[in-house]
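Undergrad: Here is what each chain is made of, one letter per residue.
Protein chains: 2
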Amino acid sequence: MKKVVICGVGLIGGSFALGLRRAGVVNEIVGFGRSVASVQQALQLGVIDRVGEDIATEVRDADLVLLATPVGSMAEWMARIAPHLGANTLVTDGGSTKTNVVQDAYAQLGNKVGQFVPAHPIAGAEKSGASAAMADLYVGKKVVITPLPENSPAAVQRVKDAWLACGAHIFELSHTEHDAIFAAVSHLPHLLSFALVHDLAQRDNRELLLSFAASGFRDFTRIAASSPDMWRDISLANRDALLNEITAYQVELASLRLALQNSDGAALHQIFSEAQAIRRDWLGK
Amino acid sequence: MKKVVICGVGLIGGSFALGLRRAGVVNEIVGFGRSVASVQQALQLGVIDRVGEDIATEVRDADLVLLATPVGSMAEWMARIAPHLGANTLVTDGGSTKTNVVQDAYAQLGNKVGQFVPAHPIAGAEKSGASAAMADLYVGKKVVITPLPENSPAAVQRVKDAWLACGAHIFELSHTEHDAIFAAVSHLPHLLSFALVHDLAQRDNRELLLSFAASGFRDFTRIAASSPDMWRDISLANRDALLNEITAYQVELASLRLALQNSDGAALHQIFSEAQAIRRDWLGK
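In the order they appear, the protein sequences are chains R and P. The first sequence begins at 6 in my numbering and counts up one residue at a time. The second sequence begins at 6 in my numbering and counts up one residue at a time.
In isolation and in its complexed conformation, chain R is listed as follows:
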């Protein structure tokens, strides 16, 4: 590729840039961002080659544009690039939700929507910003592509090739399948982790409590150190699937609470055993 444009040079966008450069598949990487400071930082760190000034000019002859902003800002970036997208320019994204991004694409890109191939790289980290970007972030990680009926096979393949160059394994799902799955295995755990820390944060004796928190707490709450902007956007974007998951979890927790209230050791043991078996089996894979 001669030129790749990255909108949002944080962990996701910056790591895509570094991964493509390491693979030797791109000549020039141009970065745009929310603030001058963040893009300048990406330049100084060598994540991008050049700070973009006029997005209209840059996306006209780019081979690929990555939208790696919080999912709540995707529509705005799509609106900015839509009138100027060259005929050979493809667009992909790094959003953790897909249904709302696809809706944004239909609304903003109009008859150019076929040039947009939605993607979700499954490479979370509680860190954010260009300084957290790594060339190997996507190596061995899954990237889910949720192609649109308007995408040509060639367009899908070109976007897959870019993610493959970063070392990722590619999977295809529909955007609704994607959002239901990630509500369960990613978005719900994030909300539960935020909720635990917030619960403790309200206590008068929180310093004492936290002074005795240990490795179990550390791992359980690692994802509560994630970006509030990003997770507000993801929660709102995947609201319906996530509400379903919270409800299912509330039922589960109420059932566990009842077993405890009844001092029903056998019921507790069964819940814990089934969970332990599934968790160990999952880790072994």
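Quick caveat, the hints were computed from the structure, so don't treat them as lab data. Just to be clear, a hint being listed does not mean it is correct.
Note that the list lumps identical chains together, so a pair holds whenever it fits in one copy or between two copies.
Here are the computed lysine to any residue pairs in the SDA-like style, where the Cα-Cα straight-line distance is at most 20 angstroms [what the hints assert, rightly or not]: (1) 147 to 178; (2) 132 to 285; (3) 290 to 223; (4) 132 to 224; (5) 146 to 212; (6) 117 to 92; (7) 147 to 289; (8) 117 to 61; (9) 290 to 175; (10) 132 to 220; (11) 7 to 58; (12) 132 to 290; (13) 117 to 104; (14) 147 to 223; (15) 146 to 220; (16) 165 to 178; (17) 132 to 223; (18) 132 to 39; (19) 117 to 60; (20) 117 to 62; (21) 147 to 216; (22) 146 to 217; (23) 290 to 209; (24) 7 to 28.
Because the structure is a prediction, the values reported are computed rather than measured.
Please arrange chain P on chain R, whose structure you already have, making use of the hints.
TA: Chain P only, in chain R's frame:
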């Protein structure tokens, strides 16, 4: 110390044995356990020096007895040792709950209760068994001592010295303070993690779901791989404090759910921001 007796040669008991030996503060370590196989394994691994046969004989002239069994079995072990405890033999434990263990001690040890100095080493690991034991498990970790009014200062100091020899930092709390604190920062997160995995385990599409689970899920659910026996016992032993914590968490989760239902991005952002700040601050300490 000339002789230390370990009842329960798993992760906690085995690591205590290895830590004491490495510190050079004990001549002989005798092990008892739930099964012949587990104690034989501890012997073969060099965790203990000798497999105990008659507990009455062994605790008569031991300097220290560690009860490192699941908290649900403490009373039974106390009953076995009580009639035979020598006048200079002290007892400590490694239980994750303290109020019930203290109750067991008053009931089983009678007028020898002053020889029992309750302890809780804060060194969790999802692994269990003698094969998981490590000489450095307690190095730099907290051990909470919850002394009884019947303990002499000398008895408390001797038990502290043993844990200090393993590399631990010693803290003192009352047993009720201890249980309230650990219900919040340890027992609740364990139950929440078990509940999430159990929730997903019930789904018809659980294989698909779990195939897309990534590092956030991995860390959130690490503690769901913990021993079901141990966590059944802890849950029942600390039932009242844990029920209070589950209730508080249910209120928190309902409030978060309401914000999401109302698509209240500002409220979600506030919850996530407060949690993130507290979590990052905690990790920095």
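Undergrad: Does each hint hold? Answer for all of them.
TA: Against the structure, the hints come out as follows:
no., hint, in the structure
1, 147 to 178, "within (12 angstroms within a copy, 47 angstroms between copies)"
2, 132 to 285, "between (27 angstroms within a copy, 11 angstroms between copies)"
3, 290 to 223, "between (24 angstroms within a copy, 12 angstroms between copies)"
4, 132 to 224, "both (15 angstroms within a copy, 15 angstroms between copies)"
5, 146 to 212, "between (37 angstroms within a copy, 18 angstroms between copies)"
6, 117 to 92, "within (9 angstroms within a copy, 87 angstroms between copies)"
7, 147 to 289, "within (17 angstroms within a copy, 31 angstroms between copies)"
8, 117 to 61, "within (15 angstroms within a copy, 84 angstroms between copies)"
9, 290 to 175, "within (18 angstroms within a copy, 39 angstroms between copies)"
10, 132 to 220, "both (19 angstroms within a copy, 13 angstroms between copies)"
11, 7 to 58, "within (18 angstroms within a copy, 77 angstroms between copies)"
12, 132 to 290, "between (26 angstroms within a copy, 18 angstroms between copies)"
13, 117 to 104, "within (18 angstroms within a copy, 67 angstroms between copies)"
14, 147 to 223, "between (25 angstroms within a copy, 15 angstroms between copies)"
15, 146 to 220, "between (25 angstroms within a copy, 10 angstroms between copies)"
16, 165 to 178, "within (13 angstroms within a copy, 57 angstroms between copies)"
17, 132 to 223, "both (15 angstroms within a copy, 17 angstroms between copies)"
18, 132 to 39, "within (17 angstroms within a copy, 45 angstroms between copies)"
19, 117 to 60, "within (17 angstroms within a copy, 80 angstroms between copies)"
20, 117 to 62, "within (17 angstroms within a copy, 85 angstroms between copies)"
21, 147 to 216, "between (37 angstroms within a copy, 10 angstroms between copies)"
22, 146 to 217, "between (34 angstroms within a copy, 10 angstroms between copies)"
23, 290 to 209, "between (43 angstroms within a copy, 19 angstroms between copies)"
24, 7 to 28, "within (14 angstroms within a copy, 63 angstroms between copies)"
Figure legend: structure checked against the earlier numbered hints; every hint is met.
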